[in-house]
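Undergrad: Read off the chains here:
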Amino acid sequence: MSVQFKILIGILFTVATIAILFIYGIAEDQRMALAQKNFAGRSIQAGADYFERYCIVCHGEHGEGIAGKGPPLNRTDLLDLKSTPYLKSIKWNGTTPDFLRNTIAAGRPQFSAYYANEGYLDHMPTWSQDYGGPLRPDQVEALVNYVLNWAPGEFPPVVEIKTPTPGPTPTPIPPEEILKTIPFPVPPSQAILDEGKTIYETNCKACHGAELKGDGPGAVGTPKKPRDFADCTAMATFDLIQHHDAVVNGRPQFGMPAWKKFSNEEVWKVIMYERSPCKLFEP
Amino acid sequence: MGLFNRQVKKKTTNGKGAANGHDANGHDTNGKTNGDAQVNGDAGEELFQVQTSQSMPERLRETAKEKSPHSIKELIPWLEKARSSPEGRAEFIEKTKEVAWQQADNTVRAVTAGMGIADTRAFFRGDPAIEKPNPRYKVHVNAFFAHIRPKYYEKSSTKFSHTWGLGYLSAYMFLLETITGVILMVFYTPSDRRAYEDIVKIMTAIPFGQLMRDLHRVGAELMVLIVVLHMTRVFLTGSFKPPRSFTWLTGVILLILTFALSFSGYLLPWDQLAYWAVTIGTSMAKSVPPKEIVGYFSNLIMRGGDTINQNGLLRFYLMHVFALPAITLVFISVHYYRVARTHGISVPAGEEESPDPAVRKAAKERIDYLPELFTRELLWAAIATFLVMVYSMWVFHAPLQEHSDPLHTPLHTTAPWYFLWIQGLLKDAFVLPAIRALDQTIIFGAKFIGVQMPPNSTIIVPFYDSPAWMGVIIPTMIIPALFLGVPYINEWWEKFWGTKPSRQLLKNRKGTVVVAIISTIFMMVIWYQGTPFYGVTAPPSVEIGQTFIPEEGVLPPVPLVPDDWGPVRKLGYAGLPDGEYDLAQYPIPQATYTDFERMLSAMQQEIMRRGRLWEEGDKDHGLPNPRGIFTVEQWQNRGLKRIDLEIMWDPMTPSDTGKYNRVIYLHENTNYK
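Those protein sequences? They're chains X and A, same order as listed. Counting along the first sequence from 1, when you hit position 262 you're at 262 in my numbering, and nothing is skipped either side. Counting along the second sequence from 1, when you hit position 537 you're at 537 in my numbering, and nothing is skipped either side.
Everything labelled a hint here was simulated from the structure, so no lab data went into it. All C-beta atoms in this analysis are idealised placements derived from N, C-alpha and C, irrespective of residue type, glycine included. Heads up, a few of these hints could be off.
[To be verified] Some but not every residue of chain A turned toward chain X, in silico, with C-beta under 10 Å:
(1) Thr120
(2) Asp127
(3) Met203
(4) Trp380
(5) Ala382
(6) Glu606
(7) Val632
(8) Tyr660
(9) His667
(10) Tyr672
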């Protein structure tokens with residue numbers, strides 16, 4: 001092959017390489033957009049997989065929520081990215097993805113006031129490896145992408161939730177009426193106090209402590225220290241009516257749940273047991 | 001006289017006293033090409049002796065011959081003449097042109113490191129050099145990149161059918177890998193939290209990022225392939241024989257380094273594929289005997305922990321981008337220096353050992369590097385670049401599967417294709433059965449002398465450490481075999497038998513041919529055994545799922561083949577209509593079927609095949625009364641479908657559920673084609 005021929009062919013190939021680079025370059029923006037979509041789609045697919053593995057136990061197959069276990073996620077007020085009514089109601093200043101990412105990663109150390117009257121038994125646990133959970137950052141991100149892929153108002157049916165503002169305040173029952181609901185004579189017998197103790201130990205001991213001093217391990221991190229039932233000066237100002245209200249309606253702002261699952265009898269038995277250190281049984 | 005001409009004068013004068021010796025090919029200090037200048041004597045005067053060449057314009061020849069003024073200052077006397085008369089003016093213009101020409105010529109000499117305008121023109125036309133001594137050889141002295149190349153090769157050694165350009169192409173691939181690798185380094189962080197995300201970014205947000213990644217991947221695969229082919233070529237042409245034995249040794253080291261470079265880069269995308277391929281690769285280190293010390297620590301040093309994690313990723317990254325390239329560069333230099341300066345490329349054996357002296361002489365004829373081989377190399381580089389570009393733009397894309405998950409091993413995951421033969425050895429299809437058979441023979445023999453062994457007893461098998469032998473010792477034995485065996489034992493062998501050393505493959509090295517064929521067949525067999533097609537026993541229902549919806553983290557066992565995601569993912573979101581399909585309805589593919597129905601039919605046929613295998617008594621691969629349901633469900637309205645392949649069979653044991661589900665989700669934007 002002559003030198004000139006080699007130079008000619010070499011130049012042709014070089015020009016051809018530049019030409020195909022140009023052709024490739026023209027479509028590059030389009031390719032990148034498609035690749036972006038492709039990988040976003042793969043992230044959503046992975047998120048669906050993780051959701052099925054970790055989340056449906058509490059939040060339901062389609063994120064519709066399970067009563068008593070977990071709130072719905074597939075909700076218009078959460079997924080409306082423009083007006084974000086839910087985020088405004090809880091005074092969250094960030095974006096919806098941020099909110100979801102933080103909630104999934106760090107969990108909910110306390111119940112949201114928003115769901116106070118739902119009475120969930122478990123907190124949202126921490127999921128990110130950063131906080132001792134099982135998920136890597138990319139898995140948390142995939143879950144966020146999956147949740148955001150629910151279109152508001154489309155299939156599957158988006159669950160509407162009760163308005164975030166508390167409904168009309170129920171007409172207060174007069175105190176005399178409440179005190180009339182005590183099903184046993186006061187002061188209670190030792191048998192009733194023992195039954196109260198059993199209920200206390202399964203439900204209340206975690207926060208209020210075995211010694212009724214408000215120092216249980218579950219109380220760590222609550223906004224306010226749980227009531228110390230052994231502190232008789234404080235208990236003197238805490239009458240039976242207030243006590244009943246605290247148990248039945250809870251104190252959501254302080255982390256005390258509403259114990260709607262108790263029957264009237266159980267409520268009073270627990271109250272009597274809790275008041276036993278100071279013997280303040282009379283109204 | 002310009003600076004350059006003075007240099008040449010000095011050299012030529014020295015040349016008279018120098019011996020007419022060669023130190024190496026292309027390095028004769030006093031070759032015949034500059035002999036003419038000496039014969040003519042008066043080197044200073046006759047420097048620009050011009051060969052008669054009718055193709056040269058008169059002007060060029062004249063200028064080259066004449067001793068003309070070289071600086072503008074020398075025009076001053078002519079300027080005075082020009083002022084005095086019109087003739088003087090014409091002379092002045094003429095003189096000015098000459099000076100300008102000389103100035104231009106000097107500039108060109110500086111740029112080309114030795115060639116004037118006339119010679120540069122001849123260079124690109126492929127004409128012989130004009131000036132004497134040959135200014136193209138001056139380039140080899142003056143310019144760095146030309147100086148590391150030899151001035152000429154022996155003509156036959158550069159034949160394409162002899163070398164296939166494989167050594168040059170290996171070096172080209174190393175350069176391609178360096179360039180694309182440095183560009184990729186800009187966008188990559190060796191952190192287990194960011195690595196995968198960065199690769200996704202390279203593919204989605206960096207213009208030409210995917211192309212760079214594809215080029216790097218294609219280059220890496222090709223480099224391994226070409227280096228192996230290069231070694232095979234050198235072996236077959238007998239080019240490892242003296243005086244090239246040491247070059248062969250450096251070549252073997254370069255082969256190992258190429259494997260190491262490719263393998264260390266395999267981990268960096270940090271997807272399932274990378275993670276598990278490298279886990280398999282490094283787990284062999286665990287078996288290095290003695291396991292408790294060497295195996296344990298070599299594994300720990302490589303991975304930085306029990307499993308590959310952030311430490312392991314950083315180690316592999318630093319090996320890949322710094323340590324291994326640096327060592328490789330050193331060995332490439334040594335390897336190349338031996339070829340270029342010490343012994344040259346071998347001449348084809350048939351010509352070198354030919355009984356005809358004319359053939360022998362013609363083979364050793366010189367072919368100059370400049371311009372013949374130089375242009376040939378550039379042409380090769382241009383063609384290779386073009387082909388690699390086309391391949392990475394439109395044929396092959398570097399795979400990126402899901403994020404690595406240390407807790408989940410994908411089914412049928414393998415080492416990279418160039419280590420599959422080691423994985424095949426680890427399945428131990430030859431030695432372990434032989435040892436078991438030996439055991440049985442001993443037990444059988446013991447019966448006759450009255451020793452009764454308990455049933456299922458073993459004698460030698462417990463002393464045989466299969467992973468250590470098959471994963472480490474035997475593969476490592478190949479290195480000294482290549483290292484010493486090929487060049488040195490061969491030499492010793494020839495001396496022992498008193499045979500005349502020869503490089504002719506079919507004439508004098510028939511044993512070599514047999515060895516080459518046997519070892520190639522053996523390598524192919526154990527390579528095949530390394531693939532998932534050999535000796536892997538997953539439950540049959542899982543295998544059906546894997547055939548149609550493979551888990552992410554598996555690659556085809558051959559290089560440069562586009563990724564295979566299985567038929568369901570290939571059909572994609574749009575190709576899968578919603579519904580619950582009983583596969584029993586699709587036993588035979590019909591002409592009217594859509595692609596989707598054809599796939600359902602393929603599933604049913606695979607299920608029926610498993611059923612037949614069970615009836616034939618193959619309990620490992622068959623299923624009793626198998627049936628399948630394929631469900632496609634719209635899962636989210638914004639383009640997400642849930643695909644569920646359910647295989648059911650008659651439960652064989654109480655704990656057998658009789659059911660297997662393979663579930664994936666498909667988004668409308670994902671593309672697996």
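Undergrad: Against this structure, judge whether each hint is valid.
TA: Here is how each hint holds up against the structure:
no. : hint   : verdict
1   : Thr120 : violated (12 Å)
2   : Asp127 : holds (9 Å)
3   : Met203 : holds (5 Å)
4   : Trp380 : holds (9 Å)
5   : Ala382 : holds (4 Å)
6   : Glu606 : violated (24 Å)
7   : Val632 : violated (14 Å)
8   : Tyr660 : violated (16 Å)
9   : His667 : holds (3 Å)
10  : Tyr672 : holds (9 Å)
The structure fails to meet hints 1, 6, 7 and 8 from the earlier list, while all remaining hints are met.
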